[in-house]
Each structure stands twice: as structure tokens, then as C-alpha cells.
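Asks: Letter by letter, the chains look like this.
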Amino acid sequence: MQVVANIASNQIVTTGYEPEVGGSTLVNGQYALVIPPGVAIEVDGSSYILPQNSGSIPVQAVAELLVRFPMYDHVLYNYLLEDTDIADIDVSGAAPQPTGASVTPSSPAWFISGFGPGPNGPRCQVGRGSGPPLGVAPGSVCILPGNTNRTLGSTYGALVTTTEDLTPFNPGNPGTDDVMMWWEVATVTTSEDIVSGYGVTSGVNEPARRQLQKIDQEPATLFCYVSVDDGVTWFQANYLEPLDLAVPGTDLRIAFINSGTEKLYLLGFAMLFQDLP
Amino acid sequence: MKSVSAKDLTGDVHRRWAQQRRELYRSLLRDPRASEATKAQAKKKIEATKER
Chain U
30 MQVVANIASN QIVTTGYEPE VGGSTLVNGQ YALVIPPGVA IEVDGSSYIL
80 PQNSGSIPVQ AVAELLVRFP MYDHVLYNYL LEDTDIADID VSGAAPQPTG
130 ASVTPSSPAW FISGFGPGPN GPRCQVGRGS GPPLGVAPGS VCILPGNTNR
180 TLGSTYGALV TTTEDLTPFN PGNPGTDDVM MWWEVATVTT SEDIVSGYGV
230 TSGVNEPARR QLQKIDQEPA TLFCYVSVDD GVTWFQANYL EPLDLAVPGT
280 DLRIAFINSG TEKLYLLGFA MLFQDLP
Chain S
12 MKSVSAKDLT GDVHRRWAQQ RRELYRSLLR DPRASEATKA QAKKKIEATK
62 ER
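Residue numbers (the working numbering), protein chains in the order written: chain U, 30 to 306; chain S, 12 to 63.
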């Protein structure tokens with residue numbers, strides 16, 4: 030299920046089923062809010078996206094994730110809609126990024142292919158995380174493609190979150206070692222604006238069309254990692270699969286790595302986790 | 012990041028969550044292969060559905 034909203038007013042334009050893999054959604058001046066699979070929410074004339082309070086669609090969607098997976102106690106989520114959402118992404122040069130030595134399982138495909146972290150921080154495209162909410166365009170956060178043109182070694186595209194302290198969720202026995210990730214990635218194509226009176230395009234009058242392409246959520250070149258020790262060690266998370274982190278921790282970071290050739294648009298992600306026993 | 016906790020759920024959403032959780036962990040309690048520690052954890056999880 031997806032909800033399409035106006036990018037300027039955040040008013041809901043339409044709602045319906047998501048397209049199948051390979052299908053597309055026209056998003057000129059709009060953005061898509063994708064509801065996790067298996068989650069059903071009711072959208073009517075009173076539904077809204079912002080502000081993200083208990084009655085909003087994003088909160089309803091992740092609350093239903095808890096109903097769908099009742100073994101989890103909490104869900105952290107980010108639909109990358111507001112400046113405060115963007116502020117949760119660490120774009121500093123000091124942001125910890127997964128390396129071949131810090132990930133489990135070891136020697137992932139991107140490492141074997143010669144990719145490493147960008148030297149100037151995670152290679153991603155984001156809006157503004159503070160100040161006036163200008164430049165925050167929902168549906169525009171990207172994990173850049175791998176860069177194979179550096180003489181000092183190829184770098185993957187990456188998006189890394191800031192540190193989230195899990196202590197307040199269960200102060201008596203803080204931290205977690207049991208998580209599950211959901212995310213939604215897509216590619217975007219934009220066609221040419223054509224007004225022509227000659228040649229093969231004679232008589233054509235077409236606007237540029239920005240289309241969101243539904244892709245498989247686990248492409249071979251996308252990797253999601255979870256760390257609960259502030260980026261010292263990382264565990265690979267598969268899509269909607271429980272992940273045991275072996276050693277509990279409280280300092281959460283999430284990283285997405287793209288070693289492919291296409292820019293991947295991240296439309297949202299959520300992490301369900303359990304309290305320690 | 013923004014968050015939602017199970018203890019924050021209210022109304023129909025809480026009812027459905029509690030029902031789902033009880034069904035999940037009651038099956039564990041009935042499982043003869045489950046360890047005592049697992050069953051104790053399952054009981055605790057079921058108890059949490061009553062904490063309102």
C-alpha cells in the first residue's frame with residue numbers, strides 16, 4: 030500500500046496498492062509514503078501525514094508493524110519527511126562506516142569487489158537537517174552509487190544514522206540484541222520535456238515525467254547494517270528478518286551501503302527491537 | 012529517530028497487538044521442546060500485555 034502526497038502541502042493526493050517490482054508511480058510534485066508489507070491502515074478524508082503524531086499515517090503504519098510482529102517491544106522509524114528526520118542522518122566526515130573488518134558476516138560482496146567507505150563521510154544525498162525546512166524534499170534522500178573512479182580505491186555509497194541511545198526505552202535493563210529492519214528503496218527516472226516541430230519527435234508535446242520505480246528490496250548491491258556499539262561493529266540485517274546482534278548494546282546506528290551503479294532513493298526505514306530479558 | 016513503543020498503543024491497536032502477542036507466546040508455553048528459560052520469558056511477554 031502506498032499513499033501519494035503533494036510535496037509542498039503534504040496533502041494526500043491518492044492512495045492505493047503499490048506497483049509490482051518493475052512498475053512505477055508518477056511523482057511530479059508529489060512523493061510516495063510506502064506502508065510496510067502486511068500492514069493495513071485505513072486512509073480517509075481525515076487522514077494526514079504531518080505532523081507525525083499518534084493519529085498520523087506514518088505512526089499508524091509503524092504501530093501496525095508492532096501488531097504484525099508482536100514479539101518486538103519498540104519500533105524506531107524514519108520516513109525522511111521533515112528536517113528533524115534528516116537531522117537523524119550523520120553526514121559528518123567522522124561518521125563511522127562499515128569496513129571489511131567491522132562487519133558480520135565478514136568479507137561481504139562489496140568488500141570482495143574492492144569497495145570501501147568514502148574518506149569524507151558517508152556518500153549520500155540528503156536535504157537540510159536544521160534551520161528553515163527549505164531543501165527538505167520528501168522522496169529525495171539517496172544512497173549514492175558506488176564510485177569506481179577513485180585511484181585510491183572504489184568507495185560505496187552510504188547512509189549512516191546518528192547515534193540513538195536506547196537507554197530510555199527500558200532504563201532498568203537498557204539496550205537490545207534482537208532487531209528487525211524494514212526499509213523501502215526505489216529508483217527514479219525523469220523523462221525529457223519535449224516540445225518539437227521537426228524530426229522524429231515532430232508534433233510531440235510531453236512534460237518531463239518523474240517516476241518512482243518499484244524495485245526488489247534486496248538488490249545484490251544493497252546492504253543494511255545495524256550497530257549497537259556506536260559503529261564499532263556492524264551486523265548485516267536482511268529485509269524483515271529477525272537479527273541477533275550477539276552482544277547487547279545501547280548506542281544504535283543503522284547504515285545502508287550501495288555498491289551498485291544506480292542511485293537508490295530511500296523512502297523510509299524502521300527498526301523493530303526487543304527489550305533485553 | 013521517532014519511535015513507537017508497544018506500551019504506547021491504545022484502543023483497537025493495543026487490543027490486536029495484545030491478542031497477537033498472547034497467541035504467539037502461548038504456543039511457546041505449550042511447546043515441550045522449549046526450555047524453562049524460554050517459557051519464563053514467554054510468560055513475561057504475555058504479562059506485559061496486561062500492563063496498562
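These are computed hints drawn from the structure, not numbers from a lab.
Be a bit skeptical, because a hint or two may be false.
Label-pair distances were calculated between CB atoms; the ranges are [said to hold, decoys possible]:
#1 U:Ser38 to S:Leu40: 17 to 25 angstroms
#2 U:Asn178 to S:Gln30: 41 to 49 angstroms
#3 U:Asn178 to S:Gly22: 52 to 60 angstroms
#4 U:Gly45 to S:Gln52: 34 to 42 angstroms
#5 S:Gln30 to U:Thr196: 55 to 63 angstroms
#6 U:Gln154 to S:Leu40: 15 to 23 angstroms
#7 U:Thr196 to S:Thr21: 18 to 26 angstroms
#8 U:Arg238 to S:Glu34: 42 to 50 angstroms
#9 U:Tyr268 to S:Asp42: 40 to 48 angstroms
Distance condition first, Cα-Cα at most 30 angstroms in a straight line; then the derived DSSO-like pairs of lysine-lysine [as the list claims (entries may be wrong)]:
#10 S:Lys13 to S:Lys61
#11 S:Lys61 to S:Lys18
#12 U:Lys243 to S:Lys13
#13 U:Lys292 to U:Lys243
#14 U:Lys292 to S:Lys13
#15 S:Lys55 to S:Lys18
So these bits of chain U aren't anywhere near chain S, every CB distance computed over 12 angstroms [unchecked claim]:
#16 Ala90
#17 Arg97
#18 Asp258
C-beta atoms are modelled at their ideal positions from N, C-alpha and C, and glycine is treated no differently.
Asks: All hints are to be evaluated individually against the structure, with a verdict given for each.
Replies: Against the structure, the hints come out as follows:
no. : hint                                    : verdict
1   : U:Ser38 to S:Leu40: 17 to 25 angstroms  : 51 angstroms, violated
2   : U:Asn178 to S:Gln30: 41 to 49 angstroms : 55 angstroms, violated
3   : U:Asn178 to S:Gly22: 52 to 60 angstroms : 55 angstroms, holds
4   : U:Gly45 to S:Gln52: 34 to 42 angstroms  : 41 angstroms, holds
5   : S:Gln30 to U:Thr196: 55 to 63 angstroms : 30 angstroms, violated
6   : U:Gln154 to S:Leu40: 15 to 23 angstroms : 49 angstroms, violated
7   : U:Thr196 to S:Thr21: 18 to 26 angstroms : 24 angstroms, holds
8   : U:Arg238 to S:Glu34: 42 to 50 angstroms : 46 angstroms, holds
9   : U:Tyr268 to S:Asp42: 40 to 48 angstroms : 27 angstroms, violated
10  : S:Lys13 to S:Lys61                      : 25 angstroms, holds
11  : S:Lys61 to S:Lys18                      : 10 angstroms, holds
12  : U:Lys243 to S:Lys13                     : 25 angstroms, holds
13  : U:Lys292 to U:Lys243                    : 13 angstroms, holds
14  : U:Lys292 to S:Lys13                     : 26 angstroms, holds
15  : S:Lys55 to S:Lys18                      : 14 angstroms, holds
16  : Ala90                                   : 10 angstroms, violated
17  : Arg97                                   : 8 angstroms, violated
18  : Asp258                                  : 17 angstroms, holds
The structure fails to meet hints 1, 2, 5, 6, 9, 16 and 17 from the earlier list, while all remaining hints are met.
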